[in-house]
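Q: Hey, can you work out the whole structure from these sequences and the hints?
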Amino acid sequence: MRIKGIKILSLLLLCCFFSSAQKKIGVKYFENDKQLAIENARFFLVTKKDTINLQIIKGKIQVADSMKDNFNLFVELQGRPLKIGSYRPDMFKELDEIIVGHITDFSTFKRSWEFKDTYKFGEGYLLEIPDSNSKQEIIYSLVVRQVNVSLISDFKQYIPVFTNTYEVL
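Numbers 1 to 169, taken from our numbering, label the letters of the sequence shown in order.
Derived from the structure by calculation, the hints contain no laboratory data. Cβ coordinates follow ideal geometry from the N, Cα and C atoms, glycine included. Do not rely on the hints blindly, as some may be mistaken.
DEER-style ranges, computed between Cβ atoms [said to hold, decoys possible]:
(1) T47 to D96: 20 to 26 Å
(2) V46 to K116: 17 to 23 Å
(3) E31 to T163: 32 to 38 Å
(4) Q136 to T163: 19 to 25 Å
(5) V46 to D90: 16 to 22 Å
(6) K60 to N32: 19 to 25 Å
(7) S112 to G26: 31 to 37 Å
(8) K116 to E94: 26 to 32 Å
(9) N40 to P89: 22 to 28 Å
(10) N133 to M67: 38 to 44 Å
(11) T51 to T104: 24 to 30 Å
Straight-line distance between alpha carbons at most 27 Å, and here's what the computed DSS-like set of lysine-lysine pairs gives [as the list claims (entries may be wrong)]:
(12) K34 to K48
(13) K60 to K116
(14) K83 to K49
(15) K116 to K68
(16) K60 to K48
(17) K83 to K24
(18) K83 to K68
(19) K60 to K83
(20) K60 to K34
(21) K93 to K110
(22) K93 to K60
(23) K34 to K110
(24) K116 to K24
(25) K110 to K83
(26) K68 to K93
(27) K93 to K58
(28) K58 to K34
(29) K49 to K34
(30) K116 to K93
(31) K23 to K49
(32) K34 to K135
A: See the structure below:
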């Protein structure tokens, strides 16, 4: 009887380990240059058959492991949907962070001296907005993925790679 209890306990611990090992992607919301609570945004994905609302739990979202179809990821900000990108489930799990935001005042952003029409905000995030002088209000998404750029196999060096989308309101 004692051995059976140990087997059940081991099985439960193994299940808990695998459920916590699933990749969760951090999400942040910015209003101008200030980070606010992510509850102001609604994330959902669209497949060929269905629209699925994603729950934000402790600032992270996750796509179910049972998901096999390609999908489009959207965020709804200020009542307007913005397409973040198109993904395969395995590719989506490689992402590190998704940042979404709403800009009404570009003067709060610091311009990057390296790249034209690029702004720095938050913890070193870069947002490129072509012809930003002619835009007054936008919503945007920024997807961050750490990429290994090391040429030596024993040493790993990662740099963040950003892809972004924006829409003028």
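Q: Does K110 lie within 27 Å of K34 when you go C-alpha to C-alpha?
A: Holds: K34 and K110 sit about 13 Å apart, inside 27 Å.
Q: With the threshold set at 27 Å, check whether the alpha-carbon distance from K68 to K93 stays at or below it.
A: 12 Å, holds
Q: Would you mind confirming whether the straight-line C-alpha gap from K23 to K49 stays at or under 27 Å?
A: 24 Å, holds
Q: For K60 and K83, compute the direct alpha-carbon distance and say whether it is at most 27 Å.
A: 18 Å, holds
Q: CA of K93 to CA of K110, is that 27 Å or under?
A: 31 Å, violated
Q: Lying within 32 to 38 Å: is that true of the beta-carbon distance E31 to T163?
A: For T163 against E31, whose Cβ atoms are near 21 Å apart, the range 32 to 38 Å is violated.
Q: If you check the beta carbons of K116 and E94, does the distance land in 26 to 32 Å?
A: With Cβ atoms ~29 Å apart, the hint holds.
Q: K34 and K48 were given as a pair; does the straight-line alpha-carbon distance stay at or below 27 Å?
A: 36 Å, violated
Q: Would you mind confirming whether the straight-line C-alpha gap from K83 to K24 stays at or under 27 Å?
A: Given that 27 Å is the threshold and the Cα spacing comes to 20 Å, the pair holds.
Q: For K83 and K49, compute the direct alpha-carbon distance and say whether it is at most 27 Å.
A: Holds, at roughly 18 Å.
Q: Can the restraint linking K60 and K34 be considered satisfied, given a maximum Cα separation of 27 Å?
A: Measuring from Cα to Cα gives roughly 19 Å; hence the hint holds.
Q: What's the verdict on K58 and K34, does the C-alpha distance respect the 27 Å limit or exceed it?
A: The hint holds at about 19 Å.
The structure shown violates the earlier hints numbered 2, 3, 7, 12, 13, 15, 21, 24, 29 and 30.
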